[in-house]
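Student: Residues per chain, in single letters:
Protein chains: 2
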Amino acid sequence: MNFLEERIKKDGQVRAGNILKVDSFLNHQLDTELLDQIGQVFYEKYKDKGVTRILTVEASGIAIACAASRYFKVPVVFAKKAKSRNLDGDLFTSTVHSFTYGKDYNVTLSKKFLGPEDKVLLVDDFLAVGKAMHGLIDICTQAGCEIAGIGIAIEKGFQEGGRNLRNSGYDVTSVAIIESMSEEDGITFRTAPY
Amino acid sequence: MNFLEERIKKDGQVRAGNILKVDSFLNHQLDTELLDQIGQVFYEKYKDKGVTRILTVEASGIAIACAASRYFKVPVVFAKKAKSRNLDGDLFTSTVHSFTYGKDYNVTLSKKFLGPEDKVLLVDDFLAVGKAMHGLIDICTQAGCEIAGIGIAIEKGFQEGGRNLRNSGYDVTSVAIIESMSEEDGITFRTAPY
Chain A
-14 MNFLEERIKK DGQVRAGNIL KVDSFLNHQL DTELLDQIGQ VFYEKYKDKG VTRILTVEAS
46 GIAIACAASR YFKVPVVFAK KAKSRNLDGD LFTSTVHSFT YGKDYNVTLS KKFLGPEDKV
106 LLVDDFLAVG KAMHGLIDIC TQAGCEIAGI GIAIEKGFQE GGRNLRNSGY DVTSVAIIES
166 MSEEDGITFR TAPY
Chain B
-14 MNFLEERIKK DGQVRAGNIL KVDSFLNHQL DTELLDQIGQ VFYEKYKDKG VTRILTVEAS
46 GIAIACAASR YFKVPVVFAK KAKSRNLDGD LFTSTVHSFT YGKDYNVTLS KKFLGPEDKV
106 LLVDDFLAVG KAMHGLIDIC TQAGCEIAGI GIAIEKGFQE GGRNLRNSGY DVTSVAIIES
166 MSEEDGITFR TAPY
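Heads up: the sequence lines are chains A and B, in that order. In terms of this note's numbering, the first sequence opens at residue -14 and continues consecutively. In terms of this note's numbering, the second sequence opens at residue -14 and continues consecutively.
Some hints here could point you the wrong way.
It does not matter which identical chain is meant; a pair holds if it fits inside one copy or across any two.
Unchecked claim - List of simulated lysine-lysine pairs, DSSO-like, C-alpha gap at most 27 Å: (1) LYS30 - LYS88; (2) LYS30 - LYS116; (3) LYS34 - LYS88; (4) LYS58 - LYS88; (5) LYS32 - LYS104; (6) LYS(-6) - LYS58; (7) LYS6 - LYS32; (8) LYS58 - LYS6; (9) LYS(-5) - LYS97; (10) LYS97 - LYS6; (11) LYS88 - LYS(-5); (12) LYS116 - LYS97; (13) LYS34 - LYS6; (14) LYS6 - LYS96; (15) LYS(-6) - LYS96; (16) LYS116 - LYS96; (17) LYS96 - LYS(-5); (18) LYS104 - LYS88.
If you are wondering where the hints come from, they were derived from the structure by calculation, not from laboratory data.
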């Protein structure tokens, strides 16, 4: 098992409804040393791809994106989930359905931070059905930028998001891929995810 | 001028309604090298305070909290702005009014991540009226933890948040304090903010 799989085994909790709670280290409390290791995996995989920006969506993706940014030495941009008064000017917008929150929401990104000259690494903490990631890809399409790769901390391999993205030709790197999980039998991982 | 004041002068934009746009480096696009410098200022100020956790609120505070966490080598915990299905169990909750978004919202934190044994550094990207910070202080009061200090990237010194916190006895470190700003006359800073 790699470092993230070991941590999930140790501190992750499986709950009803395909929920994996990793809030003690990944998305409520944050272990920044672990995040650095995740960022380093992405860097080793995509360091020769000419990445110019790392794109994620608030909030949980920000910490992972920042960890990766320190290796790539390029800025993070994060899509916002609500339109604030401070976001003026032209925006890229995409609509995303969240299963976690049970509703649709818009993700927006100021047009000045992404353009046709960019090669983007997309990152997020989770990949399940892939709705949030498709919102980010939609924004990249609107911006006309190139997607260098997709870096995910934890992929739920038993849901279709990762398979669909790979079938569409995206280069997806998930640090841990969950093959199956249940409250009774615990968690099994797909071998050698990256 | 210090590094953050210089960056604000260079890339910040003053807009009507006391809005300072720093979205090209602090809260939409993120310059993680600059964030590291901010985290280091907080560390130099509070490294002897026995900090056990760094507390912030999503989303913009997360990146700064992570940068500080790498110096302090303690976890980040971030309060969430919406109740998700994945947040179960006992929660600390406080209500905050956002002038930026023009509405009230709840901030919540799982009780398992903060307790009476903790010494907490509170951090955020902006301090203006201080509503978000009072929400975090309220959560710390509920948790019974000690507040070691408050680290802010940019304080709007012409609004009452910083003065009120210091008058209440909190040790506030703002890397840049804006004395005044206007679209016509630009930005002036308070001398030697930390």
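Student: Does the structure break any of the earlier hints, and which numbers would those be?
Tutor: Hints 1, 3, 4, 7, 11, 13, 18 contradicted; others consistent.
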